[in-house]
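A.B. asks: Sequence:
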Amino acid sequence: MLFFISFLSGVILFYLFDYFPFSTAAVFICISTFLTLRRKALLILLVALGIFYAFVRISPANDPSDAWKKELRVTGRFAPEAGQLKNNTNIRTFAVDRAFDEESGEEIEELSDEEIGVFTDYDADPSEEYELVIQTGSDRSRLNPGSIKGGRLFGSVIASSKGHDVADTIPGAFRRYRAAINNHVSERFKQDSAGLISAVTTGERSYLGEDIMDAFNITGLAHILSISGTHFGLFSIMLFGFFNIVIKRLPYSILQRLTIYMTPSQASAVLCLPFMAMYLGLSGGSVPAVRSFIMISLFLAGLLVGRKGLWLNSLLLAAFILVIWDPDVILSLSFQLSFIAVIFIGFSVKKKDAGEKEEGNRILNAVKNIIRLTVAASAGTAPLVAYHFHYFSVIAPISNLIIAPLIGFILIPLSLISSFSFLITGRYIFAPFVGISADLSVALVKFVSGIPFADVKIPAFPIYLCILFYTCFLLYLIFGKSRKLLVIPFVPFMIYAVFHIFEKKELSVTFLDVGQGDSSVIELPDKKTLVIDTGRTGKETAAFLKYIGKKDIDALVLSHVHPDHSGGIEYILKKFDVKEIWDNGRIEYPQVLGISGRHRILERGDVIGQGLYQITVLHPYREFYTLSSEEYDEENNSSLVLKISGEKISFLFSGDVEEEAETDIAHLQKWLDSDVIKIPHHGGRTSAGETFLSDVSPSIAVISVGRENPFGHPSPDVIGRLTGAKVYRTDIDGAVKITGTEKGFSAGTFRDYMFEKANGFEKELKNLKRLFIKW
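So the number in this note's numbering is just where the residue sits in the sequence shown, counting from 1, plus 496.
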């Protein structure tokens, strides 16, 4: 056990060194000193071996820009996913084996084993390898809190050729089997049920819609959608029991000969292993699946040699094998959640076995054990889940008690037996029962997820709380004797929550990076939330609202009809409870959105709010019409212009107004004066005139603009007119947050919150500071 821990610690230290070189060196010295004093100097060499191994295996990452706006020659396979033609588009997922710059011939290692979106209009066999020449697009990454850095790469196919048939290899054969099962399931069952069946059988989750994924998250059943210990454990128990029964009922003469060499349990263990290996192949070999396969295999091997237990050694060996295969896996959230869940479950069982004896009703004890294991896994993974996904499932113990057995004991065995039967005979033998159990599971998940307060939205918090939690838990495992000490890991979260609840709220605005578009989230002093514009998709806005723990929007404000400002309204309405929708009265909505009863038209002179903040409408008014004959210009000039004023700071939101509208509101000089302005029309040359900017007289100017946009925004002329203001650009700085303070206001960008590789003590100090701050 110490061997594995030492080696894995070395790998972790290697990754930490890039960001905390001095701190990591200090930790290594402390570990070495401690081990030397304990006369375990050999373990120091194992820690050093882990560092050296990671150093040798990890190659320097390519600059992401190496893959943008280039012709690439890529080899790989099209993914066998139901979502390959989603939303009436011809975008398919292509899994890249190797990629080369067509012009220079240099290999782009960053794309190896990655997935890219490919625009293509032909069907492709996922069991075959293809070589494509693609023209990639521009940088689509978004730099927002709650968003993943590095947008997915997309490209259009220029040329293609079919490579060799990869089905004759073992991985190729399993890819073909998975595709066959997924295609049959998607054609045979309802959409959500098919998605669930494919997820638990082949590990393919692309069939699942976003709504059903959210429902599984809310109910705390998301772990079921990732093939892991639950699936392998149930499958192995089923197989072991079946083989054990069959072997014991063999003719006496055969059984007598067999037991000369091994017991029926040992024979059953041997027969289980190839089926478990086949399930691993069908599952796609995800991290939780590999970890579970290794642990189950070690358990079966233990039966063969007459040893049981040693679960922690098995877990650490599984981690060791995965890290040896790919050291980067240690950074994977899937890896972290999977192993943390097993560790907490394992120690909860160990503590129980050491201190309790089960008495009384077996059914009641079984229920208690299920609840115990669910609570242990949920509590152990809660900090990481909350940090990355910003929710905590309150209903998880109940849903795991009711729905998990239905999926685990009925759906998974039946779907696996049917899948193996389908591959061998072409018949999906238990289809009716699989369909019924899947339909019932989906219905129950949707019902339970709709229960009020089924989950709690958790706003972002600093990462140091997670570090303290797991440090305190580790100390409890080493030194703790009383269960009362288990509350200690949660104390930092409780203290932080109290301070957060009673913290004085100030007017705060986050200008999001939505590419070539606009979206801002305003947090008002009375804890209300406004959203001004949605960008093209609304997904960046939704991700940020989720990040700050919001499930309601008090008012969604649309400056005008153009899709780069209002295109995401449908997505936002679907994901959040929007109480009111404000606009300029010149937007027509589809009836399917159902906005009647909460629609409010704003016009010049309207004032909303009082006391701590005030929202004033400066443009347009009912009689305003442009002189331009262009509908595009008319819509821009009819944009809502709002001023939001707090106690110490004021913001001017100017939509896409151009010169004509700016002239029309010039006489409102004292009302235009603001500390911060959202520059109109992404800094285009027809907006933000000199007179207009002089009237506003901003200290800060924010330009919401897409990277490498084809319009040349922002115009150099506009930038030249902003010499007296601090300029932030979402294409360079990412999201920008400006908050009122006692002394006026503070400003920060997403890049200020991003950890960066430290090549000196000053940068390491900044990274250490980032451990204690949040957006």
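One or more hints might be untrue.
DSS-like, lysine-lysine: derived pairs with alpha carbons at most 25 Å apart [said to hold, decoys possible]:
#	residue 1	residue 2
1	K980	K942
2	K1046	K1024
3	K1024	K1253
The calculated label-pair distances, taken between Cβ atoms and stated as ranges, are [claimed, not checked]:
#	residue 1	residue 2	range
4	R979	G1105	45 to 53 Å
5	S1242	I867	55 to 63 Å
6	V994	D1048	16 to 24 Å
Calculated from the structure, these hints are not laboratory results. Virtual Cβ for every residue (Gly too), placed ideally from N, Cα, C.
A.B. asks: All hints, please: hold or fail.
C.D. replies: Quick rundown of the hints versus the structure:
For the proposed pair K980 and K942, the alpha carbon gap of about 36 Å is over 25 Å, so the pair is violated. A C-alpha spacing of about 10 Å is found between K1046 and K1024, which places the hinted pair at or below 25 Å, so the restraint holds. Restraint check for K1024 and K1253: the C-alpha separation of about 37 Å exceeds 25 Å, so the hint is violated. For the pair R979 and G1105, the supplied restraint of 45 to 53 Å holds, since their beta-carbon distance comes to about 50 Å.
Distance hint check: the CB atoms of S1242 and I867 are about 46 Å apart, inconsistent with the given range 55 to 63 Å. Under the hint 16 to 24 Å, the C-beta atoms of V994 and D1048, about 23 Å apart, fit the expected range.
When held up to the earlier numbered hints, the structure conflicts with 1, 3, 5 and fits the remainder.
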